[in-house]
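A.B. asks: So the protein sequences, as listed, match chains A and B. As numbered in my numbering, the first sequence has no gaps in its residue numbers, which increase by one up to the final residue, 258. As numbered in my numbering, the second sequence has no gaps in its residue numbers, which increase by one up to the final residue, 296.
One or more of the hints may lead you astray.
[Unchecked claim] Pair by pair, the computed Cβ-Cβ distance ranges are: (1) A:R149 with B:L102: 49 to 59 Å; (2) B:L135 with A:T75: 54 to 64 Å; (3) B:T12 with A:S182: 44 to 54 Å.
Since the hints were derived computationally from the structure, they do not count as laboratory data. Where a beta carbon is used, it is the ideal one built from N, C-alpha and C, also for glycine.
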Amino acid sequence: MSKEPIIVAQGIGKSFGDFKALTDVSLTVHKGERVVVCGPSGSGKSTLIRCFNGLENHDTGHLTIDGAELYEDAPHIRQLRQDVGMVFQQFNLFPHLTVLENLIIGPMKVRKLSRAQAETTARKYLERVRIPEQAEKRPAQLSGGQQQRVAIARALCMEPRVMLFDEPTSSLDPEMIGEVLDVMVELAQTGMTMVVVTHEMGFARKVADKMVFMEVGRIVEISPPETFFTNPASARARMFLDQILEH
Amino acid sequence: MPSFITKLRWLDWLILVILTGIVGYVVIRVEGTLNYEWRWELIPDYILRYREDRGEWFANLLLQGLFATIRISIYAGILALIFGTVLGIARVSENLTIRLLARTYLELLRNIPPVVIIFIFFFFLSQQLIDALNLNSWSRSIARSDSAPVWEFFFGEMRRFPSLVSGVLVLAMFEAAFVGEIVRAGIQSVPKGQREAARAIGMSRYQEMRFIVMPIALRKVVPPMANQFISLIKDTSIISLISVQELTYKTVELVASTRLIFEAWITTAGFYFVLCFGLSMLFRRLEKSP
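Build out the structure end to end from the sequences listed, making use of the hints.
C.D. replies: Listed below in C-alpha cells is the structure:
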C-alpha cells in the first residue's frame, strides 16, 4: 500500500448554531486505505464524512483532499466531488430516472462522456454490484438492498478515487444488509480508498485498515482493527463495543 | 330500487324536503311575482344557427363565446405555466433580490382583488405593449388578407386580436402568481437527499435544478396544476370587463339585446360547468392511470 495521503483533516470544527458537531478533528486517510468510523449516534461521524466532499462546510481547521484545500464555495469543489464518491443512508436515487439513467447522468452531464461510453461503464458496474438485469427499472421498483447497490454503482460510474459511505446499511431490512456489505467487501478488495461510517463491526473487522472511534464530536481513538476489537485503548470504546457486539 | 335510496336516513330526507321547498318557492316567485316569460326555444339559435340564404350552419354568440373562452384558456394557460415556472424558481433562488422581487409580485397579486389587478394590468401594461408593437394596424391588415381564415381559426376575429392579446397576457400574469406557488411547493418537496446526491456527483447548481429537481418537482405538481387550469378557465370570465369577447361578454351582449336573462345565463353557466367538470373528471382519470 502506498503511503500517499489523500484526505488530510487538521483540527476541523463544525457547529450547527450552538451545537458543536465536530471539535478539533484530525484524521489522515491514505491512498488505498479502508477507514471505518464508528461511535454512538450524534457523535459527528456523518458530519465528518459529509465534510470530506463539501456537503457540510467545516468552520475551523484545514481540510485537504488530494492536496487541494477545501473551503466554503471553493471553485474547485465540483471538480473535487467528481473524484469523491458518496453513498448515503437513504440511497437518494433519482426517482424519475431508470437505474441505467441514474448511473449515466453524472458521467454524461458532469464528465461530458458520450452516452455510449457512459453506458458501457454503467453496465460494467451494474454487473459488479450484481443487478445487470434491473437496468431499465425505476428505483421504486427495487428492494432497499438493490437500491443501495445501484447507489454504489452510481458513485463508481464517476470513477472516483475515494468512496465515502454514510451508514450504507442502516436503513435496510436485516436480510438485505448482507448483499450490500458483500459488494462493499469486493470493492475493498479492488484497492479502492474507502471511508465507511457503519455499525457493522463484522464488516469492519473484515476490511478495515484503521478504526476510528468518535464521541460527542471528537475522535476518541484511532487504532488498527486488531487492537480496537480486542483491546481498545479508551474505556468509552470498550463500552460501545460491548453494547453493540452483544447482539 | 337503487341502493342509494335505501341508504338515506330520516335526516337526509329532512334535508331533501327542505331543499325541495326552497327551490319550489323560488320557482313560484319567478313564475308568479316576476311574471317572467320563458322563451327557451330561442336559445338554440344563439348557439348554433342555420343560415337559410347560404345553406350552412354557423356558430352564434354563445358558441363563439365558448370557443373564445377555450382559446384564451389554452394560450393563457401555456403562458402562465412559463411565467409561473420562472416565478417559482425565483422564489427559491439563492439571490435575495430575485427572491424578494418574486415574493413581492406574489403578495401583491394575492392581496388585491382580481378585478382591480386586471384593470391595472390592462391599462398600465398590455395597452402599452399593444401600442408599442403596433398590433392594431397589423391585425387589421391580417383581417383583410387572404390568409385570414387560418388566423381566425387560432385567434378568432382578427379585428379583435389586440383585445385577445391583452386578455391572454393579463390573465397569464394573474395566474402565474398561483402557478409560481405550486412550482415552489413542488421544488421544495424534492427531498434534500436527492439534491445532495446530485451535488455529490459534481453537478453544478444549474445542472442539479435542470436534471434532478425540476423534473421531479414538475411531475409532482401535475394534479394541483390541473386544478389551477380549471380555476383559470373560470377566471376568464373576469376579462369580459376589459371587453375581451369571451363567453361571459357574449352573454352580456345577448341579454342586452334579447332580454333572455334567465335562459342565457343558465345556458352559459351550463357551458362553464360542463367544460370545467368535464376537464376535472378527465384529469382525475388520468391521475389514476399513470
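A.B. asks: Take the hints in turn and mark each one as holding or not.
C.D. replies: Hint-by-hint comparison with the structure:
1. A:R149 with B:L102: 49 to 59 Å: violated, 37 Å
2. B:L135 with A:T75: 54 to 64 Å: holds, 56 Å
3. B:T12 with A:S182: 44 to 54 Å: Given about 50 Å between the Cβ atoms, the range holds.
In summary, the one numbered hint that this structure violates is 1.
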